[in-house]
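Residue numbers for the sequence shown follow this note's numbering, so the first one is 1 and each next one is one higher.
Just so you know, the hints here were simulated from the structure itself, not pulled from any lab data. We treat Cβ as the ideally placed atom computed from N, Cα and C, and that holds for glycine. Mixed in with the good hints, there may be bad ones.
To be verified - Cut-off 25 Å, straight-line C-alpha distance, at most; resulting in silico cross-link-like pairs (SDA-like, lysine to any residue):
1) Lys75 / Leu98
2) Lys75 / Gln101
3) Lys75 / Ala56
4) Lys59 / Arg49
5) Lys75 / Gln85
6) Lys59 / Glu70
7) Lys59 / Ser47
8) Lys75 / Gly90
9) Lys75 / Gly89
Unchecked claim - The calculated label-pair distances, taken between Cβ atoms and stated as ranges, are:
10) Leu66 / Glu39: 38 to 46 Å
11) Asn81 / Glu44: 53 to 61 Å
12) Ala74 / Ser47: 36 to 44 Å
13) Leu36 / Val16: 35 to 43 Å
14) Ala10 / Arg35: 30 to 38 Å
15) Arg30 / Leu66: 48 to 56 Å
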Amino acid sequence: MNKNAGCTLAAIGAAVVVLLVVLIGYPQYRVYSQRLAGEAALAEAQSSRQVAILEARAKKESAISLAEAEVIRAKGAAEANAILQNSLGGPEGYLRYLQIQALESSRASLIYVPTEGGLPVTEARRLAPQ
1 MNKNAGCTLA
11 AIGAAVVVLL
21 VVLIGYPQYR
31 VYSQRLAGEA
41 ALAEAQSSRQ
51 VAILEARAKK
61 ESAISLAEAE
71 VIRAKGAAEA
81 NAILQNSLGG
91 PEGYLRYLQI
101 QALESSRASL
111 IYVPTEGGLP
121 VTEARRLAPQ
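All chains should be built: construct the whole structure from the sequences, respecting the hints.
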C-alpha cells in the first residue's frame with residue numbers, strides 16, 4: 001500500500017466515525033437540549049407563581065391595615081360626636097349645632113329655616129311676579 005492510500009483510508013475512517021457520532025449523538029443532544037429547556041420553563045413558571053403569591057399577600061396585608069385604620073378613624077369620630085352631643089344637651093342640641101355650622105358656611109342669599117313641625121316656611125308670594 002502506498003502512503004496516499006493509507007491517508008485516504010484514514011480520512012474515510014475518520015469521516016465514518018464522525019458520521020456515526022453525529023447520527024447517534026445528535027438525537028441524544030436534542031433530547032438533552034429539550035430537557036434543559038423544559039427545566040428552565042418550569043423554573044420560570046415556579047418563580048412567577050411565587051412572585052404572584054407574594055404580591056397577593058402584600059395586597060391582603062395592605063387591605064387589612066387599611067381596614068383597621070378606617071375602624072380606628074370611625075371610632076374616633078364616633079367618640080368625638082358623642083362628646084359634642086353630650087356637651088350640647090343631647091341629640092337635639094347637637095343637630096341644632098350642626099344646623100348653625102351649615103348656615104355659617106353657606107353662601108346662599110336665601111335660607112329656609114325649619115319650623116317646629118320640621119317644615120320650612122316658604123315665601124312663594126315674594127318670588128312670584130307682581
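Hint check:
no.	hint	result
1	Lys75 / Leu98	holds (20 Å)
2	Lys75 / Gln101	holds (22 Å)
3	Lys75 / Ala56	violated (29 Å)
4	Lys59 / Arg49	holds (15 Å)
5	Lys75 / Gln85	holds (15 Å)
6	Lys59 / Glu70	holds (16 Å)
7	Lys59 / Ser47	holds (19 Å)
8	Lys75 / Gly90	holds (19 Å)
9	Lys75 / Gly89	holds (21 Å)
10	Leu66 / Glu39: 38 to 46 Å	holds (41 Å)
11	Asn81 / Glu44: 53 to 61 Å	holds (55 Å)
12	Ala74 / Ser47: 36 to 44 Å	holds (41 Å)
13	Leu36 / Val16: 35 to 43 Å	violated (30 Å)
14	Ala10 / Arg35: 30 to 38 Å	holds (36 Å)
15	Arg30 / Leu66: 48 to 56 Å	holds (54 Å)
Hints 3, 13 from the earlier list are contradicted by this structure; the remaining hints agree with it.
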